[in-house]
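Asks: Residues per chain, in single letters:
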Amino acid sequence: MTKGRFGVHGGQYIPETLMNAVIELEEAYNMYKDDPAFNAELTELFNEYANRPSRLYYAQRMSEDLGGAKIYLKREDLNHTGAHKINNVLGQALLAKKMGKTRLIAETGAGQHGVATATAAALFGMECVVFMGKEDMERQALNVYKMRLLGADVIPVTTGTATLKDAVSQAMREWTSRIEDTHYCLGSVMGPHPFPTIVRDFQAVISKEIKTQMMEKEGKLPDAVIACVGGGSNAIGTFYHFIHDDVRLIGCEAAGRGIDTKETAATINTGRLGIFHGMKSYFCQDEYGQIAPVYSISAGLDYPGIGPEHAYLHDIGRAEYVGITDEEAVKAFEYLSKTEGIIPAIESAHAIAYAAMIAPTMRKDQIIVVTVSGRGDKDCAAIARYRGEDLYE
Amino acid sequence: MSRIKEAFQNHKAFIPFITCGDPDLETTRKIVKEMVKNGADLIELGIPFSDPTAEGPVIMDADNRALSAGTTTDDILAMAKELRSEIQVPMVFMTYANVVYSYGMEKFLSKAKEAEMDGLILPDVPFEEKEEFDEMCGKYGIDLISMIAPTSKDRIKMIAREAKGFIYIVSSLGVTGVRSSITTDIGSIVKMIKEVTDVPCAVGFGISTPEQAKKMAALSDGAIVGSAIVRMIGEKKTDAPEAVGLYVKEMAEAVHQ
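Top line first, the protein sequences correspond to chains Z and Y.
Numbering-wise (the working numbering), the first sequence opens with residue 1 and increments by one.
Numbering-wise (the working numbering), the second sequence opens with residue 1 and increments by one.
A hint or two may mislead.
When the alpha-carbon atoms are kept at most 30 Å apart in a straight line, the in silico DSSO-like pairs for lysine-lysine are as follows [as the list claims (entries may be wrong)]: (1) Y:130 / Y:81; (2) Z:262 / Y:107; (3) Y:215 / Y:164; (4) Z:98 / Y:164.
Using C-beta positions, here's what the derived DEER-type ranges look like [said to hold, decoys possible]: (5) Y:161 / Z:215: 49 to 57 Å; (6) Y:131 / Z:48: 30 to 38 Å; (7) Y:141 / Z:243: 43 to 51 Å; (8) Z:287 / Y:185: 41 to 49 Å; (9) Z:122 / Y:180: 29 to 37 Å; (10) Z:24 / Y:141: 32 to 40 Å; (11) Z:246 / Y:185: 57 to 65 Å.
By construction, these hints were calculated from the structure, which means they are not laboratory data.
Glycine residues also receive a C-beta, built at the ideal position from the N, C-alpha and C atoms.
Please take these sequences and the hints and turn them into a complete structure.
Replies: Rendered as structure tokens:
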């Protein structure tokens, strides 16, 4: 088997033009990942700049209202730039700097990864170009403004469905045209090796902290951890340090208008094995292997594939992947806002929705941790529109 | 001798690419016959993919048009079989890994063999990932074509040693599409290839004029032209066969000189 495999998944399915670039990246990563100075610098950035460790908050009102398991929220929404994306970006930007790169390119869906990359580029004095589907630029206008304010060029992508998948394709095309000074700061646990591993390692800080915080607060591990899954970076970060423990791992995919409709982005539930965007994994596709135009209200989960490690965790039955519809996610978005005074990202609301479904079926001495991967300010206008209210940002 | 090897036998090879099903498969068939009549030595038949990550806008648009017109892999395999009864030049499919993988690698290759296809180019399957595809290609006597890029450097000999059919040298960084100039040192790449293999090599990406084609072919064993032809088809649609024929004649003559 070739490099970067998770069972049959993963690999490096990319044009020859990029091969030396990913090999160079892998070598650099292997050199720095256990380097004490690199890790000290990254920890300093995490703590002093990104506001880590993020809080593990006991959602008492939500827990009591649902009347079952105790629910804790891992507050990645309180990170600098408002989402978990900053964890990976600070790691990759620091690595890119060590590699002598002066320019970062990135794709973005909801805009959170784009904002995080633009932020790191500003901090490190690097050039930054972000590719974003035109459709998403309209859905997430505020984030587009932020990226530009931070000094990044935001390039609209009009091909295909003009969403996240097309932004990834365009960023890959851009990388093949300019490699020497440019690092492709991929935003999720996807793409060719070594990206799924690098991004996972930088996001694993989430489960590492949850474990420590849980032991401090409850003296035991949680019964289940829940996170939303698009490509799957906050989910793998939430799962990673629990993979070998007796803890249920639950990923919430965007079912859009339902997994029995064509307007869905639930890859594990509706996709099949394929090769795309540098990796072998599950993809939503037609009988001829043409990638399906997926749909979700959430721009961040609106992706036809899933990271290879998730595909593997699914294959071996270690993690469960459930579909959450737009309607269920919007209800959870409203529910958490009213119950706990926390407005979650619509992506994270998919995880909240499932927690609210299973908590009442669990005992009061059981514990669920839900990762609130991001804050919901960016989604308010879209949710208002979903509810028939004309609100402009 | 394989048909591909024969194509490079007497002179440098001119290799045109077109996207099958743009604007429709009947036009594709006519264009291929025109190209052969006008001196094409080897034909690359593109099977459209929804998300072709190595293509520039011209071929991306052609893929979209072909798919929107309802073109499927089955239709293309059937067309290729029909074409094979009419033309003798080698033909290779060029598409993306998922098109072949999702269809079923063995099913795809057995049908390609029925159409007497000679090779397969998958730009998103690099050296490291080729084994899985190569084994099945070998079983059906189809050459999996290797690509070498300007960034390949220390990988050139490794790739060339295991190459089959012909080697596709990517002339420039970036995606497919017309370029005003090609700055890569093709000569030194070819020199390294020739040190380890006698498999012929042709240069593609960015070539559109007879002068460029002649220059690239002089440095290697042939020139590959895609976007310039695909753009012409996009403009002239069902009237494209004649125009493409004239263009191919001029390009092939420049390469054959």
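Asks: Hints first: check each against the structure and report whether it holds.
Replies: So, going through the hints one by one against the coordinates:
no. : hint                      : in the structure
1   : Y:130 / Y:81              : holds, 26 Å
2   : Z:262 / Y:107             : holds, 27 Å
3   : Y:215 / Y:164             : holds, 24 Å
4   : Z:98 / Y:164              : violated, 39 Å
5   : Y:161 / Z:215: 49 to 57 Å : holds, 55 Å
6   : Y:131 / Z:48: 30 to 38 Å  : violated, 47 Å
7   : Y:141 / Z:243: 43 to 51 Å : holds, 45 Å
8   : Z:287 / Y:185: 41 to 49 Å : holds, 44 Å
9   : Z:122 / Y:180: 29 to 37 Å : holds, 35 Å
10  : Z:24 / Y:141: 32 to 40 Å  : holds, 37 Å
11  : Z:246 / Y:185: 57 to 65 Å : holds, 59 Å
Hint compliance for this structure: hints 4, 6 are broken, all remaining hints hold.
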